[in-house]
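*Asks:* With chain A held as given, fit chain B onto it using these hints.
Here is how the chains run, residue by residue.
2 protein chains.
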Amino acid sequence: MKTVYVAIMGLGTVGGGTYKILTENHDKIASAYGIDVRVAKVLDKDLDKLKAAGISADVMTDKLDDILNDENISVVAELMGGVEPAKTFITKALKAGKSVVTANKELISKHWGELESVARENNVGLYFEASCVGGVPVIRTLKESLQGDNILMVMGIINGTTNYILTKMSDCGMSYDEALKEAQQLGFAEFNPTADVDGYDAMYKLSILSSLAFHTCIPYTEIYREGITKITKNDIASGKQMGYTLKLLAIGKREGNSVEVRVHPTFVRNSHPLASVSGSFNAVFLKGDFVDDVMLYGRGAGARPTGSAVVSDIVYCAGKNKHEHTDFVNNGKVAEGIEIKSDFSSKYYIALTVEDKAGVLAKITDVWGKNNVSINSISQRDVADGVAPIIIMTHFTSENAVQRSIAQLSKLDCVKKVDSIIRVID
Amino acid sequence: MKTVYVAIMGLGTVGGGTYKILTENHDKIASAYGIDVRVAKVLDKDLDKLKAAGISADVMTDKLDDILNDENISVVAELMGGVEPAKTFITKALKAGKSVVTANKELISKHWGELESVARENNVGLYFEASCVGGVPVIRTLKESLQGDNILMVMGIINGTTNYILTKMSDCGMSYDEALKEAQQLGFAEFNPTADVDGYDAMYKLSILSSLAFHTCIPYTEIYREGITKITKNDIASGKQMGYTLKLLAIGKREGNSVEVRVHPTFVRNSHPLASVSGSFNAVFLKGDFVDDVMLYGRGAGARPTGSAVVSDIVYCAGKNKHEHTDFVNNGKVAEGIEIKSDFSSKYYIALTVEDKAGVLAKITDVWGKNNVSINSISQRDVADGVAPIIIMTHFTSENAVQRSIAQLSKLDCVKKVDSIIRVID
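Protein chains in written order, with my numbering: chain A, 1 to 426; chain B, 1 to 426.
Be aware that one or more of the hints could be misleading.
Put simply, identical chains are the same to the list, so a pair is met inside one copy or across any two.
Said to hold, decoys possible - DSS-like cross-link-like pairs, simulated, lysine-lysine; straight-line CA separation at most 27 Å:
no., residue 1, residue 2
1, LYS287, LYS357
2, LYS320, LYS28
3, LYS92, LYS2
4, LYS49, LYS20
5, LYS287, LYS28
6, LYS233, LYS2
7, LYS416, LYS240
8, LYS287, LYS63
9, LYS370, LYS110
10, LYS95, LYS341
11, LYS63, LYS233
In short, the hints are calculated from the structure, not lab data. Owing to the predicted nature of the structure, the values given are computational and were not obtained by experimental measurement.
Bound-form chain A, shown alone:
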């Protein structure tokens, strides 16, 4: 049986889960895959934490060199998160001839090309199944399945924190602040929740997933990003009335050489498979030109599911003689000939508060008309204090035309407030 010595860098949530799986399921992995995976080193700056976790004295360390200089170690799992020192540590590990498995979406999204080059130069592997959507095997699927298809779309709920918050707002009528607070108390949201609620986490993941799906580098800087912090109880309730569930979607589409990539809150028709993906569950919807729709669903975060993805990469890596490197990300730039669109097309839900006076509707519809935005329906809700909430649903139209219209509407005296602009998927 092949013996593979592994180092774990960072014993936080995911590192802890990974260690637990490699320990508890060691014999299963050995019998099913013929690989004896041994944890040779666990690195953390906090040695007391390692002690408390029961890591034995000869395995625990706070010095990177103990890993780099251990010739037995062939695979290093980086589970520290953040760009530095993770990037330096990974680079050194690759240069020391060790394959790297990482759950670090921010790092891969920002420095994939550079790390891939170092890995290639040193003839070792770079794996990151755990960087996107926890236990859902979407990276492997994009690399090892659907090879015959042109992937036309990758669309998903790929952030557990925001999906938990939106589910709570929808199911329990909570406000955003209330749901966030509960998520923080339960450990589903960080003390500083910006990376999740402002859509950065989903943006990093979409950069990785759409690069793999479209076989061209899609830099995260090219992705339109909008978080969920402005979503109100009214938005959720209003969507419900019309048969929609609000989700933070990451969407990548390719048509010929033209790509659009965006992260934003979206009303999803209740009959769509993504609408029922609740709580901390995540799902990725792929569309190929032959396979049509494929959806992968599972737990998007957490020690055990994400640890499972890390271990999958470790076993996968250990069973390979040679790593296949990804050429199209090497320079970290969009390939020549590929255009990332600055505009895109969608249906829209727009909520305005307007004066309750004759002629107001005419002024508003005039603005939409002049900008070539085709309206599907306008409905007025209960009037109070001389103002009326209005809900406008558009047909498919351009984002730029909507933004232009909104800018013009905001200048009208009769428009008191633009409450919400939410894209819609039927």
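*Replies:* Chain B alone, transformed into the frame defined by chain A:
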């Protein structure tokens, strides 16, 4: 660039889809995977069909030897279906040193061990992603992902025909016969629908999927099988009233060394992700001890999705230097120490027609009680002509106890008919 010459055996639905993908997406596969896949031969006993499909004269053939003797051909895709002559053709191809890709679930389920041995002896590969659930990459996921987990359950809607029929019965109020007829007219069901509607197709697939999930051979002969031919409009309507959707489920569970495997109609609670898998869509639900729930969803059949799975295997195979063979199926028998349970536990829906007389309910509940079946609810529907339909919902109980109870109930004078026994998943 690596050039790989492929032969297609059988130009039916899946063969046609495969040929189309390899032709239309040839350049995409070449640029994304660095493999120039060329169709060197297409074999079919009907040469006129090949001509009509535009296969060129030097590629078409009705002689197996033209493939076996072509030294350039390294991969053969068997897409004829059925056990013979597919088995003979595959065996000869493997012995001629060619790797085989097949969509043939019946053949793999019945002769996997034997074919795997021949493949191993000849140092070539055997791939069958397309044999289970069309375009859904479930075989690759079971082999290349989730390696760190003990898979505890594989449960799915894995037959497109029956799901189409049940969806039509549910959505349009059709009878089984009406829905079957429509499915036949649309090409979703065969003229002789037995393999699908009696659950054989799902049984073959479950044998393959549960073998891979549990890392031990699960012979199809060990699987409890019940089709959908007895399902009535009443069953569907009655389930709907209680918040259930009727699905033909294939279920494999493992607990320690004990396995249960079964295919039968099942009431699935509407909030369960499998309940909303409609029409010809299929889905497989996996549960691992660390990753928890993972669901894979997509089109379970058809030229394009199944062709996509065949092409995925061809590209995967072409990119490999060496095939990893599956040891645990070699003898085609259950591994020593693994027990396949003859009984299993479930909740049940039972519909009876009984005499509308005092004391009848007492007699019925007495039978259940004596067999230790715990009843959750009994409800009586509208009485007509002196008889009353009764719906009994049980708590978790043993299949054997239910069957014993039913046998005893059938002997009671007051029980006019046992209308339905349907297992339930909440």
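*Asks:* Indicate which option fits the pair LYS63, LYS233 if close means a Cα-Cα distance not exceeding 27 Å: within, between, both or neither.
*Replies:* Intra 49 Å, inter 69 Å, cutoff 27 Å: neither.
*Asks:* Indicate which option fits the pair LYS49, LYS20 if close means a Cα-Cα distance not exceeding 27 Å: within, between, both or neither.
*Replies:* Cα proximity of LYS49 and LYS20: one copy only (15 Å, versus 57 Å across).
*Asks:* Taking 27 Å as the upper bound on the Cα-Cα distance, should LYS370 and LYS110 be classified as within, between, both, or neither?
*Replies:* Close neither inside one copy (41 Å) nor across copies (67 Å); limit 27 Å.
*Asks:* Taking 27 Å as the upper bound on the Cα-Cα distance, should LYS95 and LYS341 be classified as within, between, both, or neither?
*Replies:* neither (37 Å within a copy, 52 Å between copies)
*Asks:* Is the C-alpha distance from LYS320 to LYS28 at most 27 Å within one copy, between copies, in both cases, or in neither?
*Replies:* both (19 Å within a copy, 25 Å between copies)
*Asks:* Is it within, between, both or neither when you check LYS287 against LYS28 at 27 Å Cα-Cα?
*Replies:* between (35 Å within a copy, 16 Å between copies)
*Asks:* Can you give me the call for LYS287 and LYS63, within, between, both or neither, at a CA distance of at most 27 Å?
*Replies:* neither (45 Å within a copy, 38 Å between copies)
*Asks:* Please work out whether the CA atoms of LYS233 and LYS2 approach to 27 Å or closer within one copy, between two copies, in both situations, or in neither?
*Replies:* neither (56 Å within a copy, 57 Å between copies)
*Asks:* At most 27 Å between C-alpha atoms: does LYS287 with LYS357 qualify within a copy, between copies, both, or neither?
*Replies:* neither (47 Å within a copy, 58 Å between copies)
*Asks:* For LYS92 and LYS2, with the copy left unspecified, which applies at a CA distance of at most 27 Å: within, between, both, or neither?
*Replies:* Close inside one copy (25 Å), not across copies (33 Å); limit 27 Å.
*Asks:* Given identical chains, is LYS416 near LYS240, meaning Cα to Cα at most 27 Å, within a copy, between copies, both, or neither?
*Replies:* Answer is within: at 24 Å inside a copy they meet the 27 Å cutoff, but 46 Å across does not.
Checked against the numbered hints given earlier, this structure breaks hints 1, 6, 8, 9, 10, 11; the rest are met.
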